[in-house]
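Residue numbers (the working numbering), protein chains in the order written: chain A, 53 to 312; chain B, 2 to 256.
Mixed in with the good hints there might be a few duds.
Per the computed footprint, the stretches of chain B lying under chain A, defined by three or more beta-carbons under 8 angstroms from a beta-carbon of chain A, are [claimed, not checked]: (1) 12 to 23; (2) 92 to 101; (3) 248 to 255.
The hints are simulated quantities; they were obtained by calculation from the structure and are not laboratory data. Note that CB positions come from ideal geometry on N, CA and C, so glycine has one too.
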Amino acid sequence: MSKIVFENVGLEYPILDRNRSFRAALGRSLGGAIRRAPHSRHASVVALEAITVSFVDGDRVGLIGRNGAGKSTMLKAIAGIYPTTAGRLTVTGRVTPLLAIGVGMDLEETGYENIVTCGLFNGLTPAEVRARQDEIAEFTELGDFLSLPLRTYSLGMQMRLGFAIATSGNPEILLLDEVIGAGDQEFAAKARERMNGLMQDASIIVLASHDAELIESCCNKALWLDGGHVVEFGPVHGVLSRYHAASAGATRGEIGLPAP
Amino acid sequence: MELLEAIRWWPLWNRLAWRDIKQRYKRTLLGPFWLTLSTGLMVGTLGLLWSQLWKVELATMLPFVSAGMIAWVLITTLINEGCVVFTMHELTLRQLRFPYFVCVFRVLWRNLIVFLHNLLIQAVVMAWFGPEIGWAILLLIPGLLLVLVNAGWFIALLGLLCTRYRDISQVIANILQIAMFVTPIFWFPDQAGSARIYFVDGNIFFHVIELIREPLLGHVPPALSYIVLTTTAVCGWLVTAIVYPRYRSRIPFWV
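Using the sequences and the hints given, assemble the complete structure.
Rendered as structure tokens:
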């Protein structure tokens, strides 16, 4: 049984650069709420604030919202990469974050060595890595290239390896920041197939995307974030249509047309 | 708690440490022994020079300088790399979930491996000039252990501080440069005379070096050095236990 429970969760980033005004301006244009914490000299970005929501078995949650609404931060918080600064976040189940492909890979190491290093970085034991190694190697279709250093690979080949490593194993909770694909057409089809398989098997999926069609086809629920707050959480169609209505209204307002 | 978890992740930091060493000397003939060779050359020339300057026999000077330098190289690289312990992991810290102490252990382990390579220099020097090495050499093990235990908390705190305030690593590099000359490495502790209290007994670097140098020379390190380093280990880890948990959650944002 997998479960993700946010109880009044907040997450703030400290901003450290001296030229704070520039940062503040940049932050505003991206949408995150910037403020000074009451008892701190430093400005911080409030990326998530007072989030209370829970995802249970069978949920396919689409995260929607403008850039900087907190979608990626929410995924990283669930993955345990970013520590939360308020409230309580409980995650039950094995989490597989497919947020960045190829992190931890090293250009000087061979493909096989990278499979081991990345596996260890993802918290597998050496035995678990060994158990998956052949399957990963086969999936990449890189053959003898796997014995060569990564720097001899084309970008597409590196992507293949990264994808194969990231998607090995069977996740209970799958975290996605847009849907990842990899490589040439032929491999992309294979990658899509594997993604579909993973998404079928996972008990919870959280997917952040700007692609409404994708969200509609993959998800049964949607969570609309804005400025680090939950605007609405519920069945995917209702939330999406209200989100679209709101963003269309906002755009009209910005260019000076009267709201309908 | 994080400490214990990070220990369980040993396959990762063990692998990363070895990878660092292998890669630095990839496609070279001598591999990691290049480091040994360059340290050895430095020890050899400086030993010769100083034995002339001080009018001390080479047989006394060279083993002393080489043991001192090997210890000093360990200390300075530990500290200098401690400054960048988290920043060098920027990409992975921002994208992956693993205990942050893995970074610390990687630095500790890598430097211990380099140190063990460098012991070869001492072996050569001792074989050439050295007196009989007695059981005191075994004290190298507890000495090293004590040094590494201290380095552990120091690197964790220094790493935090340097990640937050990037200027600090410059300050540290400067201090270390000066420390090399005011610490008895190229001169004997007794030569400090009335200034001994400042440059020798009151100098933490002296005590760290003694724990490694004296066993290498076949002597027993002074009790004072054990007392000092044990005290710093206990106090340091206590401070770390209080300070580190308060700031650890900032690490992925500071790097």
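Structure-based check of all given hints:
Counting residues of the region 12 to 23 of chain B whose CB lies closer than 8 angstroms to any CB of chain A gives 5, so the stated coverage by that chain holds, three being the minimum. Look at the region 92 to 101 of chain B against chain A: 7 of its residues bring a Cβ nearer than 8 angstroms to a Cβ of that chain, three or more, so the hint holds. With 6 residues bearing a CB less than 8 angstroms from a CB of chain A, the region 248 to 255 of chain B meets the requirement of three and the coverage assertion stands.
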